[in-house]
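Chains as they are written, first to last, in this note's numbering: chain A, 1 to 333; chain B, 1 to 301.
Hint data in this document are derived by calculation from the structure and do not stem from the laboratory. Heads up, none of these hints are tricks.
Looking from chain A toward chain B, a few residues come up when the C-beta cut is under 8 Å (computed): (1) Leu74; (2) Ala75; (3) Pro103; (4) Ala123.
Model, not experiment: these values are computed from the prediction. The beta carbon of each residue, even a glycine, is placed where N, CA and C say it ideally should be.
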Amino acid sequence: MSIEQKLPEEYDSQAGDQRASVPMIEIKGLSRTFGSFQALKSIDLTIHKGTVFGFVGPNGAGKSTTMSILATLLAPTAGYAKVDGYDVTKYPHEVRKRIGYMPDFFGVYDNFKTIEYLHFYGASYGIPKAEREALIPQLLELVNLSDKKDAYVDTLSRGMKQRLCLARCLVHDPELLILDEPASGLDPRARIEMREILRELKAMGKTIIISSHILPELAEMVDEIGVIEHGTMTAQGNVTDIQNRLRVKRFLQIRLLDRVEEAEQFLRDRPYVNRLLRDEQGIQIHFGGHDAEQSELLHALMEAGFKLVSFSEAQTNLEDVFLEITKGGDDVQ
Amino acid sequence: MKNTAAEGRGLSQLRSWLINPVLNKEFTLRMRTPRSMWTLFFYLLALGFIMFSAIYLTQSLGGNSRSFNPENSKVLFYFLAFAQLGLIAFMAPGLTAGVISGEREKQTLNLLLTTQQSSSTIILSKLVSSLSFMIVIVLSTIPIYSMVFLYGGISPKQLVLVFLFYVYIMFVLGSFGIMFSTLLKRTMISVIATYGVGLFIFVGTAILFYVVMGVMQQMSYNSTNFSYGWIGHILAWNPIAALYSILEPSLTTEIYQMGYSSSGQKKPAIQLWQEFMLIYAVLAALALWLSIRKLRPRLKK
Chain A
1 MSIEQKLPEE YDSQAGDQRA SVPMIEIKGL SRTFGSFQAL KSIDLTIHKG TVFGFVGPNG
61 AGKSTTMSIL ATLLAPTAGY AKVDGYDVTK YPHEVRKRIG YMPDFFGVYD NFKTIEYLHF
121 YGASYGIPKA EREALIPQLL ELVNLSDKKD AYVDTLSRGM KQRLCLARCL VHDPELLILD
181 EPASGLDPRA RIEMREILRE LKAMGKTIII SSHILPELAE MVDEIGVIEH GTMTAQGNVT
241 DIQNRLRVKR FLQIRLLDRV EEAEQFLRDR PYVNRLLRDE QGIQIHFGGH DAEQSELLHA
301 LMEAGFKLVS FSEAQTNLED VFLEITKGGD DVQ
Chain B
1 MKNTAAEGRG LSQLRSWLIN PVLNKEFTLR MRTPRSMWTL FFYLLALGFI MFSAIYLTQS
61 LGGNSRSFNP ENSKVLFYFL AFAQLGLIAF MAPGLTAGVI SGEREKQTLN LLLTTQQSSS
121 TIILSKLVSS LSFMIVIVLS TIPIYSMVFL YGGISPKQLV LVFLFYVYIM FVLGSFGIMF
181 STLLKRTMIS VIATYGVGLF IFVGTAILFY VVMGVMQQMS YNSTNFSYGW IGHILAWNPI
241 AALYSILEPS LTTEIYQMGY SSSGQKKPAI QLWQEFMLIY AVLAALALWL SIRKLRPRLK
301 K
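If we strip away everything but chain B, and leave its shape as in the complex, we get:
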């Protein structure tokens, strides 16, 4: 009897630890707005449209529409994987860049800040609730992926890895979104800043890579034994390259050995996507730490 009571208490403690009041409120309210339904609807519509266009294109371009070419389905899967990554890059800032500033604008934040909830509970609950919704959206796209599976050529491991990568990129962009939402007063500015950072991560780093590579190649013509192998690490900041290195592991070696003379080549210590994850783990943790510190005014002198 005593044990049962203790277990019950333990369970309720676990529940209250897992689902705190802020998280509970976020879950409840998010699912009550029609906006969530429409977000899901348009997301699936966009991805479905991209998918069917891609299937149509590969089939009609492939010439022989009666045979299933595993290579074709691999291209389709890659295409879908990158399309989904692009959609996530659009969705994540939109869903997170207003979570704190929105409360500030609605004048509910001060009421929340005078409760016993700690700053870290508030920030992390906001992140977890936004992430959960994004995960629901991404998981709901699995039937679209299953169409690609009909054609064969993709391993379940790859699919799982790609989905884990999505969760990670959502976490990273979500952390940046929450940071801007906490630091900047207006949601509009916070959304713009988050999209700006997103754009830099996705496009800016790639441009930077090509510019630096051009400069380095020029320099290498003028001197002998000039190696610039480190420029591969610039691509480790780019999520598209990181996703590609999951799909094609040989990419890591190709990129990291670029710029070395054949004698200087060595096996890379970690994969490109692993380096990507390390870099952004630090940055996302920094963003969350900053959000937690800046949510409430610094009272101690």
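Next up, chain A with everything else stripped away, as it sits in the complex:
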């Protein structure tokens, strides 16, 4: 049976018009169990074309499992996942054409040169040699590895290997990039380089699904985030929506000269104080109010005679959102 004959019905006619409206990723009731452990519990997720989606959650929450299912490496126990309209279990061949997958852990072959490595994967995707000859220098340029084209891949640094793996994902020009922790174990400089590359890919119109603890740094380029915990999606939407859904509006950092415990008790009883943490730096509170309420709080502290060293507002970012959702269960609505 030819591939054309195997295509789903929606592709039979007016394919062009309908394709544009098909979401890049459509997941419904997706579940996966490993023995008695339920890694995914009926997840629903829709990601439209051109979106950069940040997948947030603690280790073991089900991010990698979801990504493995999308990459056709794992079968779901229940539910379905579609990539560009193709069910991953029914049309894995079509799905593989459309995705570039970068796993959280990957290895490289020994005694293989960078350029040969890319040629091998290019050929494995059926790209003719002449096309590869033109394409691979561009890819190496994109990931800043042009000067390493004749180096053996096993001698490259971790950051370089990560970038090479990203180039490998791009070799067949996929529409969707599934990047599982692409910045794990990278030093700050390598992370910045990775971020710059991702920004370029976003500009190229790729749909990207990315799980990473680099997320705070990626805040401005991620369009949507999904938060997954214990195999269930706890929140999904654009970054601002998610932040608004949480009661956390702002973080306040307060340092006092003395009477810290007394101040802690005093703050607990104030309105809009959702959560309070104490550390060497002083007291950190999750404040639910706006400027007026914040000013009132400062005024109340001064009136009560507390000796303030500083009273500052910390910027909320994705990391705070992440911590809020995954640790502060009580405070999340």
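Position chain B relative to chain A; hints supplied.
Chain B in isolation, oriented as in the chain A frame:
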């Protein structure tokens, strides 16, 4: 002009069909590791040592070292043929039992599985590349065999048949190695399982034959007209017996007629080594089929 272009396209299609990316990578990387060179070196060293010891022994035991006895060289050739079979039994699992699990352990397998390469291409390319390397090793032992030829007494046909038998046994053990490598997560366990199966094929089947024969002989003493001719077929599972039946075709008749009363004797339909090949063709095909099916998870419900 048009024809030339079409021919060129046809050639490149043929080339891409013969050498797929996985095979190309396997060939390239295998020849780049010093391990391949050392494998070849120690293999030749071992076989050379066995060969020279055998020549020395036959010459000194034969008494008259000045004359060349064709019978002696036949013994030498047989000895070499079985020694090489033993070495292959050691080499084939070692070279194949890690080809998939090794990639899994190195975390390169998932990257390969998300490409457009089919499971059968991956499995068969791994098998062909390992087989090719083993064939290179076995062919490189021909100069050692040529020393036996100096003494005469062996036909080239026998030599060719023996080498084809080696290729076959490498294919069989290689298929089992790849199957275990696909089914079992760890290379170490896969290597042990493949050697275990190898040991059973080489030694276990022979022991089984002798045990069953002992039992059958006991039973035949107690009843008249008791025939157990089928026990010869147990030996058809043993590669040593199969190789011996290539070297000495009369072995087949001897084994298959064992246990029959003289009136019940009939000419065997196929040679012992042919039966061996049929049995293991089915088993190896089954092993490869299982590897291809189990390489990727079963996605369809």
